[in-house]
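Engineer: Which chain is which? The protein sequence lines are L and F, in order. When we follow the working numbering, the leftmost residue of the first sequence carries the number 1, and every step to the right adds one. When we follow the working numbering, the leftmost residue of the second sequence carries the number 1001, and every step to the right adds one.
If you are wondering where the hints come from, they were derived from the structure by calculation, not from laboratory data. Quick caveat: nothing in here was measured; it's all calculated off a predicted structure. A portion of the hints provided could be inaccurate.
[Claimed, not checked] Residues from chain F shown here face chain L by an in silico Cβ test under 10 Å; the list is partial:
1. S1043
2. D1068
3. S1069
4. Y1185
5. E1188
6. N1269
7. T1314
8. Y1329
9. N1350
Beta carbons: idealized from backbone N, C-alpha and C, even for Gly.
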Amino acid sequence: MKKKLVSVLVCAAMTAAVLAGCGNKAAETTDAPAAEETTEDAAAEETTDDAAAEETTDAAASGELIKVGIINNDPNESGYRTANDADMKAMFTEENGYEASFAYSLKNDEQITAAQKFIQDGVDYLLLSAADTAGWDTVLMDAQAAGTRVILFDRTIDADESLYEASIVSDMDAEGQTAVDWLAGQGLDEYNIIHIQGVMGSAAQQGRTGALNAMVEANDNWNLVTQQTAEWNAEKAQQIVQSVIDSGEEFNVIYAENDDMAKGAVAALDKANISHGVDGDVIIMGFDTNTWALEELLAGNWNYDGQCNPYQASYIDEVIKTIESGGTIEEKVIIMEEKGFDAETITQEDIDKYGI
Amino acid sequence: MQTNETKKAGASSFLGRMVRKQVMIPLAALLLLFLFNLIVDPSFFKIELGYNSAGNPVLSGFLITILDSGSELAILAIGMTLVTAATGGQDISVGATTAIAGSVLLRVLCGTNSRPETLQAPIIVAFLVACVVAMLFGAFNGVLVAVFKIQPMIATLILYTAGRSIAAWINNNELPVVSDETLTYFGEFIPGIPIPTPFFIAVACMIVIGLVLKFTNLRLYTQAVGINENSSKLNGLNPVFIKILSFVILGLCVAVVGLIKVARISTINYSVIAKDIEMDAILAVALGGNALSGGKFNMTASIIGAYVIQCLTTTLYKFQVRSDALPAYKAIVVIVLVIVSAPVVREKFNAFMAKRKVKEAA
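With the hints as constraints, model all of the structure from the sequences given.
Structural biologist: And the structure:
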C-alpha cells in the first residue's frame, strides 16, 4: 500500500516537473497568425508531450501546402541541434509552401511511434533524423505503402536505400580530413599535438580522429604528445592540457574535437602563460563553428575551426522541389558542403553566416 | 626486559589506535598515491611560480592542480556526508542541480541577452539567487525523502533525470557567454594571488562547516537521526526537519560548486557540466570510511577522500592513462573499500588478530 502511494507520488512529481517545463514555454508563445509563425511559436509545439504533435499550423489554405512531418532529436541536446532545429523551423513555414509538424525525441521507439502517427495523418514527406540506426525498416515500408516519401537528414539509418528518397548528411571523415590538411598546410617543422577527443565511438569523434591518426602514422615529424577523450567536456580538456603542461612536455598544436574542449584547453594555456593563436606558440583547432568560437578566431586567439553543418533545410527543400516538379534524385546520399575557417581569413560576415 | 615489553605493547596499541581511526583510510590511500608518484616520477611534487597570460603570478604543478580541481568535489563531499549520515542514502542529483545553479547564475548575470557586454547584475546577487534556487531544489529532494519516505536514490533520480533539461530551459536553450573578467576570479585566480581561488572557496566552506559542527548540535542530531530515527524522535528531535536540512545544506554546496564551475569557463554546457560528479562525491564519502547506511560520520575523512579521488585522477592523467578508463580505476577503489568494510571480512580480520595476540602471549 505504502509502496503504491510512493510510486504514485513519484509519478506525480515527475509529471509536475514536466508540466512546469512546458507551461512556461507555452506562456512565451503569442497567438500569432500562422503566417507569422516565429521560432518561439514552434518552440511551444515542440514541448507538446504528444510526440506526434498533432498541432499543425492553422492551415487556412491547406490545399496547396505540402504536408511534412519532421522527426528530430531533442534540440536541448547540443548547440548543433538547436541550430539545426531553428533552421528547419525557418524553412518549413507556410510562406514557403509547407505545413509542418514536429516531433522530438532522443529515443528510437518514441521516434518510430511519432513516424507512424505522421504516416497515418497522411503527410506527404517524412523528414527524419533518427536517434538510432536500427529498427526503421517496418515503419519505412509502411510509409512507402501509404505513399509518404521519406528524407533522412543529419543521420543515416540501416535500411535499404529504396526506402527513402534522399539522405542529407555530414561527412565526419571529410571534416577531419579538411582540418588535418589545413594543419599540414601550416608547414611546421615538427607537429607535437595534444589531441582531445569527443565521446569515444560517436560518429564525430571517429571521423575527426581518423584523419589525424592516419597523418600521424604516415609522418615522422607528426607526434601525439597525448591523445585523450575529454567527452566533449571543457573542464576535462582543461585538466588534460594542464597535466601535459605540468609534466613539462613540449607541444605546439592542440587539436580539440569540439569548441568547448578547445576553450578548456586554452584556459589551461592562459594559466601557464603559453601564447596561442595567430603568431602564438600553440595552434588551436576546434570544431562546430559556434559563434563565440568564430569570434575567438577573428580575435586571433584560435587558428582553425571546422564546420559541422547543421543547415540541412535548404538541401531538403531542394530535394522536395525536385520531386514535386517530377524530377528524380540521382544521388541518394547528399553530402553537405562543410568549411574550415582560418583565423587569418575569417571575416565578420562568416561569423554571422556560419556561426551557430 | 619488562620495560621493553611494555614499550612494545604501547607502540603497537598506538599503531592499532591509529589504524582504527577513520581518518586513516583516506590518508593511507593518499599516502599510497604520493608514494607511487614519488617512486615513479618525483617531479610530481614540483611546484613552480610563474605568470599567467595576464601577467599575474600563479603557482603551477600537479599538487596545485589537485588542490584546484578537487575543490568542487571537496565542497560536495561536505553536503553529501551530511545527507548520507542523516538519511542513510545518497543524492544522485547533485550534477544536474549544479547545472541548474550554474544556469540560474548565468541567467541573472546576463539578463535576457546571452552575450552581454557588461554584467546585468552584481555577481554576489546572482550567486545568492543561485543559492536560493539550489536550496529549494535541495528542499524538494529533502521533502520527498523525509516526508514521503521515498528512498533517497529514487527521490533524487527525478532531478537527476530532469535537472539538465530544466537548466537548459532556464536559459531558453541558449549558451550565455560572460566576457566580464571578474567572474573568472572565482574559477581561476584573483590578480596578485598565486593560489587558485577555488581552493580558497573550498577552505572557506570547510571552515564554515567546521564551526557549525563545533558550535551547534548539527552533528549530534544528524547522527542520532541516522542511527535510529524513532529513538531520536522519542528524544524530542524532529527527524523530518533534520533530513530536509541536510539536503538544503547540500543544495548550498551545489550552488557554490555551480559558481566555481561556471567561473572556470565563463559559460556553461548543460549536458556535460559537473557530469558524473555525484558518483565521485559518494565515492569520497565512502573513501572517508563513512557508512553509506547512515549514522556516524567523519567530515574530515570525507574531504580528504575527495582530494584522494582528484589525486587519483590527476595521477592517471599524468601517466596518460586513457581518461575513459578512469571509472575502471575508481571501481577498483570501490571494490577494495566495500570488501574491507564488509562485516564478514572485518570479523575474519578481528579473529585473525586475536589469534595472533594469543600466539604472541604464549
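Engineer: All hints are to be evaluated individually against the structure, with a verdict given for each.
Structural biologist: Tested hints:
1. S1043: holds, 7 Å
2. D1068: Where the cut-off is 10 Å and the nearest Cβ of chain L is about 9 Å from D1068(F), the hint holds.
3. S1069: Nearest chain L Cβ about 6 Å off; hint holds.
4. Y1185: This interface hint is violated because 13 Å lies over the 10 Å limit.
5. E1188: holds, 7 Å
6. N1269: Where the cut-off is 10 Å and the nearest Cβ of chain L is about 5 Å from N1269(F), the hint holds.
7. T1314: holds, 7 Å
8. Y1329: violated, 14 Å
9. N1350: violated, 38 Å
In this structure, the hints that do not hold are numbers 4, 8, 9, in rising order.
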